[in-house]
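Asks: One-letter residues, chain by chain:
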Amino acid sequence: MIVRLNTDLAAGILGLAFAALLWLPREELGRLSIIFPRAMILVTVLLSLALMVKAFVKPAARQVEIEGSPLRLVIAIAILFAWWYAIGVLGFLLATAIAFFGFTWFLARIEIPVSARRLAMWVPIMALLIGVFYVAFTEVLSVRLPAGIWS
Amino acid sequence: MDMLLEALFSILTLEGLVTILVGVTAGLFIGALPGLTATMALAVLLPFTFTMSPLQGLMALGAVYMGAIYGGAFTAILINTPGTPSSIATTFDGYPMARQGRAYEALAAATISSVVGGIVGVAFLLLLAPPLARLAVVFGPAEMFWVALLGLTLVASLSSGSLLKGLLGGCIGILLSTIGVSPIGGETRFIFGMPALQGGIALIVALIGLFVIPEILSMAAQGRGALPESGKLEGGVGSAIRKMSKHIFGKPINLIRSCIIGQIVAIIPGAGGNVTSLVAYNEAKRFSKDPSSFGKGNVDGVIASESSNNVMVAGSMVPLLTLGIPGAPPDAIILGVLLMHGLRPGLDLFTETGVLTNGFILSMGFAAVFLLPVGLLGGRLIHRVVVKTPFYFLLPSIAMVTILGTYALRNSFLDVGMMLLLGTIGYFLRLIGIQAAPIVLGLILGIIAEKGYVQSMLMSIADPIPWLGLVDNPLSKVLAVLVLLSAATSLLPAWLERSGRMAKAKPDEEDKS
Numbered sequence: 013m014i015v016r017l018n019t020d021l022a023a024g025i026l027g028l029a030f031a032a033l034l035w036l037p038r039e040e041l042g043r044l045s046i047i048f049p050r051a052m053i054l055v056t057v058l059l060s061l062a063l064m065v066k067a068f069v070k071p072a073a074r075q076v077e078i079e080g081s082p083l084r085l086v087i088a089i090a091i092l093f094a095w096w097y098a099i100g101v102l103g104f105l106l107a108t109a110i111a112f113f114g115f116t117w118f119l120a121r122i123e124i125p126v127s128a129r130r131l132a133m134w135v136p137i138m139a140l141l142i143g144v145f146y147v148a149f150t151e152v153l154s155v156r157l158p159a160g161i162w163s
Numbered sequence: 004m005d006m007l008l009e010a011l012f013s014i015l016t017l018e019g020l021v022t023i024l025v026g027v028t029a030g031l032f033i034g035a036l037p038g039l040t041a042t043m044a045l046a047v048l049l050p051f052t053f054t055m056s057p058l059q060g061l062m063a064l065g066a067v068y069m070g071a072i073y074g075g076a077f078t079a080i081l082i083n084t085p086g087t088p089s090s091i092a093t094t095f096d097g098y099p100m101a102r103q104g105r106a107y108e109a110l111a112a113a114t115i116s117s118v119v120g121g122i123v124g125v126a127f128l129l130l131l132a133p134p135l136a137r138l139a140v141v142f143g144p145a146e147m148f149w150v151a152l153l154g155l156t157l158v159a160s161l162s163s164g165s166l167l168k169g170l171l172g173g174c175i176g177i178l179l180s181t182i183g184v185s186p187i188g189g190e191t192r193f194i195f196g197m198p199a200l201q202g203g204i205a206l207i208v209a210l211i212g213l214f215v216i217p218e219i220l221s222m223a224a225q226g227r228g229a230l231p232e233s234g235k236l237e238g239g240v241g242s243a244i245r246k247m248s249k250h251i252f253g254k255p256i257n258l259i260r261s262c263i264i265g266q267i268v269a270i271i272p273g274a275g276g277n278v279t280s281l282v283a284y285n286e287a288k289r290f291s292k293d294p295s296s297f298g299k300g301n302v303d304g305v306i307a308s309e310s311s312n313n314v315m316v317a318g319s320m321v322p323l324l325t326l327g328i329p330g331a332p333p334d335a336i337i338l339g340v341l342l343m344h345g346l347r348p349g350l351d352l353f354t355e356t357g358v359l360t361n362g363f364i365l366s367m368g369f370a371a372v373f374l375l376p377v378g379l380l381g382g383r384l385i386h387r388v389v390v391k392t393p394f395y396f397l398l399p400s401i402a403m404v405t406i407l408g409t410y411a412l413r414n415s416f417l418d419v420g421m422m423l424l425l426g427t428i429g430y431f432l433r434l435i436g437i438q439a440a441p442i443v444l445g446l447i448l449g450i451i452a453e454k455g456y457v458q459s460m461l462m463s464i465a466d467p468i469p470w471l472g473l474v475d476n477p478l479s480k481v482l483a484v485l486v487l488l489s490a491a492t493s494l495l496p497a498w499l500e501r502s503g504r505m506a507k508a509k510p511d512e513e514d515k516s
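From first to last, the protein sequence lines stand for chains A and B. Add 12 to a position in the first sequence, counting from 1, and you land on the number used in my numbering. Add 3 to a position in the second sequence, counting from 1, and you land on the number used in my numbering.
No wet-lab data here; the hints were simulated from the structure. Fair warning: this is a prediction, and the values are worked out from it, not measured in the lab. Just so it is clear, CB atoms sit at the ideal spot from N, CA and C, and this is done for glycine as well. Do not rely on the hints blindly, as some may be mistaken.
Some, not all, of what chain B presents toward chain A, calculated at C-beta under 8 angstroms [claimed, not checked]: (1) L49; (2) T181; (3) G183; (4) S185; (5) S221; (6) A223; (7) G226; (8) K249; (9) Y395; (10) M403; (11) V404; (12) N414; (13) S415; (14) L417; (15) I435; (16) Y456.
Throw the hints in and build the complete structure from the sequences for me.
Replies: Below, the structure written as structure tokens:
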């Protein structure tokens, strides 16, 4: 999908917004703590302004291309964040089992028809993959993974 | 010399060689997993060395270190995800090569370069440790500030297209590095009421987020795997090794330059393999006859990155073994093992316990040699897994490992959210021309630059013009000039291109020929 956007202007606005985010809530910090960030915020503002000027004088690109399906992109982002949120609620094992199954089904549909039989055949593979990594991290590497409501 | 020979015989035993082989293999597989760094590999395997003799324990950890740094190249090449931070620069050309069906070539180049780099690093460590260590000692805050700025001049070559956007990316990275507790003032900054942010944004969290997540999102949007089915491989391992050996040793200047750069950067405490590989990559690009091919699958980029980061493994031991200053984060664990066995860094390490120290150094040389068979066999295995696995299994698997790896770093759930957030933002930043590499570079060097800058200002606080403290001794003046030269030479090609002189020069050359 092609989106009409002046990339220099977008980058400049983004730089200014980021600088403002760090500048505005500045607490009463000592000189030693703020001297360097303040200098860098100033440089960021100058670069952003330069990009904004360039956007009107000699813009780089006036469009961006999102390769593939934007809907799939949005759904993939939603799945990743939902996976993260679910780990806190349901624990790593259950949340990952659900998210992994859902993500695989969603992606597989792009390439092949996914029948219930095929999905059932994938369950042991997915269980093995998740199980191997779960055991490797919890038992071998001694990482305490979130247990969510089961803790 | 007697000590060296005695050390050599003490490691040339079946037990010694098996220890090195197992260490390299374990390090390679851990290093190949995104999110699991060389430091983590050493930390995880450290308890296994408790029951070993001091030499065997150090040999095992040296081999793990060597294997892990090299292992990072596998995922960097195959799925555009640096397994360890040291492999950032390997992704720039390694992944495009893999996508062009030249994965074996990239892996063979990475393997040969890593072996040579590892051996050269050991040779440097054995021969040049004392004089190089003396040079490292004179690096004060001002010098470290200039070293950080020298690294930041890389932004010009990493920005791929717009210098302004590259610099903006570098500034965003530097500002991200200031989140958390101030290194000098000690106050917390920019945490927005979230105590979990006091520790700042861990480098590996940003690294995974900015490099892996945009790739996952891109693959999901396009409905494709990491490597195209049509162009998976050209030729076999044997032909790739022959071709790459001919390329690397036929024109060894890139390899030699990268090894020397790797050694020089490695002895500066705190610089680490990521800075080493980025500096070597930048110089390879700058000296190349075809700099525009870098980032599009030029094997010289892989050679520069992988040889320099493996030189760093032994090279960063110079300040560690002589001064007790870890040259890179994994060295801190090696220091812990030395102290655990009652060995104190310094002259005694090379005299009273010279056999042990030399044995440890030589074992790293053997580990470098073992990278060749272990790497080529392991490389086939890892490559097969990546290519044969359908993308709808591969993507959720990569997502799961990145989530696990990020969480395991500090057992922090917030880190996982931060990684996903940075990755999603990184995807959209990439669309408007701000690449991940300058942001990561800013994040790495921001901390070093801030410490150097603020400490220099503190030291010169009584002077009429405090910032002159940044150039008050000959070494800092030399480094400042180097920064200016580096910035100028980075800007020169862009300026020539813009002014049309480069375009005009080309037809003239053609006329002459």
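Asks: It remains to establish, for every hint, whether it holds in the given structure.
Replies: Status of each hint after checking the structure:
1. L49: This hint is violated: B:L49 lies away from chain A, its Cβ roughly 12 angstroms from the closest one there, beyond 8 angstroms.
2. T181: holds, 4 angstroms
3. G183: violated, 11 angstroms
4. S185: It holds, given that the least Cβ distance between B:S185 and chain A is near 4 angstroms, below 8 angstroms.
5. S221: Hint on B:S221: holds, closest Cβ of chain A at ~7 angstroms, below 8 angstroms.
6. A223: holds, 4 angstroms
7. G226: Holds - the Cβ of B:G226 comes within 8 angstroms of chain A, reaching about 4 angstroms at its closest.
8. K249: violated, 36 angstroms
9. Y395: Holds, because the Cβ-Cβ distance from B:Y395 to chain A comes to roughly 4 angstroms (cut-off 8 angstroms).
10. M403: Cβ of B:M403 sits 6 angstroms from chain A, so the hint holds.
11. V404: holds, 7 angstroms
12. N414: Given a least distance of 6 angstroms, the restraint on B:N414 holds.
13. S415: violated, 11 angstroms
14. L417: violated, 10 angstroms
15. I435: Holds: closest Cβ of chain A sits about 4 angstroms from B:I435, inside 8 angstroms.
16. Y456: holds, 6 angstroms
Checked against the numbered hints given earlier, this structure breaks hints 1, 3, 8, 13, 14; the rest are met.
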